Every structure is written in structure tokens, then in C-alpha cells.
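Chemist: Please put together the full structure from these sequences, using the hints given.
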Amino acid sequence: MEGGLTIDSGTRGSTGATILRITLGVIILVTWLENLDKGLYTAEGLTSFLDSLFDSENGNGSSLTAYKSFLDAAVIPVAGVYGGFQLVVELLMGVGLLVGGLTRLFSLIAVLFFFNLFLGYFGGQEWIWTYVLLVVTAIAVFVGYGGRRLGVDAWLARTRGDSPYNLLW
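Residues in the sequence shown are numbered from 0 upward in steps of one, following numbering that gives the first Met the number 0.
One thing to keep in mind: the hints can contain errors.
Unchecked claim - Now the in silico label distances, taken between C-beta atoms and shown as ranges:
id : residue 1 : residue 2 : range
1  : GLY122    : SER47     : 15 to 23 Å
2  : SER55     : GLY160    : 48 to 56 Å
3  : PRO163    : PHE84     : 20 to 28 Å
4  : PRO76     : VAL131    : 23 to 31 Å
5  : GLY122    : GLY38     : 20 to 28 Å
6  : GLN124    : GLY38     : 21 to 29 Å
7  : VAL87     : GLN124    : 23 to 31 Å
8  : PHE84     : ASP36     : 12 to 20 Å
9  : GLY44     : ASP161    : 36 to 44 Å
Claimed, not checked - Straight-line distance between alpha carbons at most 25 Å, and here's what the computed SDA-like set of lysine to any residue pairs gives:
id : residue 1 : residue 2
10 : LYS37     : LEU90
11 : LYS67     : VAL80
12 : LYS37     : TYR81
13 : LYS67     : TRP128
14 : LYS37     : SER47
15 : LYS37     : GLU56
16 : LYS37     : PHE117
17 : LYS37     : ILE26
18 : LYS67     : TYR81
19 : LYS37     : GLY83
20 : LYS37     : ILE108
21 : LYS67     : GLY79
22 : LYS67     : VAL110
No lab work stands behind these hints, which were simulated from the structure alone. From a predicted model like this one, the values you see are computed outputs, not experimental measurements. Yeah, the Cβ is synthetic: ideal placement off N, Cα and C, and Gly gets one too.
Modeler: Right, dumping it as C-alpha cells:
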């Protein structure tokens, strides 16, 4: 286009989003290792964790009872399966963000993941703004095409062009 600015899909992406992507990947992987060590990905570990979010005497004391009802109805009955699913998704999300592979997909998953933590800790003793910052960081990685610099997504974009609907890389 004459006189206009065109952006090659292989070079789209910002350095700032890349730094945020790598940082988010490290945070997720370090937390994943800690959670694995604590047994949080087992049915018992996950159930105990979710219960502690709403325990006002010995836990966080979250005030979103509607969210607790949802967790009790949808997650607790399948805690073993959900724990295994969470183990795999968190690992893939952390590695994907760290290496910049399928970054746009994993940053959207991270938005949902951190928003759920925000809901779980809301109104309790935990400082919930940490989760707000993590949600906003994941959004910035998505919007800034964080995997297009120093990431696998740069190679994918060069060899395959943009992903369908720009949702994968």
C-alpha cells in the first residue's frame, strides 16, 4: 500500500510484551513446581485448597459465596480429574509463555486462570490486586503479540503466517 504502514505478521510484537511473557512464564512454572510439591493437583490437595479459600478461621475467608457454590457443584465432584487437567494446563501454559509458543492462546488461558484466582481470593485476607496485575499482564502479552519476539511464535508467523483468527500465535 503506497504511503501506508504495513506490518509483516512475522515481525509484529513488542519487546515489552516479550519481557512480560517471559516473566509470566517463570511465575507460572515456579508456582506449578510449588503446587506439585504440595500435592495440589490431587483430588485431596485441590479440594483442601479450594476449601481454604473460603475458610474464614484458618484460610483466606473469601466472601464470594456464589463462586464457592459454583466450585462445590462443578469442580469438587471431579476434583481428581480436574486436578490432573490443571497440572497439565498450568505446565503447558508456563512452558508456552516462557518459550513464546502459542503465546496468544496461552495468554488467554492465563487471563481466565488468574481471574479465577481473583474470584477465589476476593474479599479475603489475600491481597487480590496481585491477581489483577497478573490478568492485566496476560492481556498485555496477548495484545502485544508477546511470542513474536524471541519466541517460537516468530518462527510460526514467518513460516505459516498468522494463525486462524490470530488466536494461537
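Chemist: Any hints this thing doesn't respect? Which numbers, in order?
Modeler: Nothing - there is no hint that the structure violates, so all of them hold.
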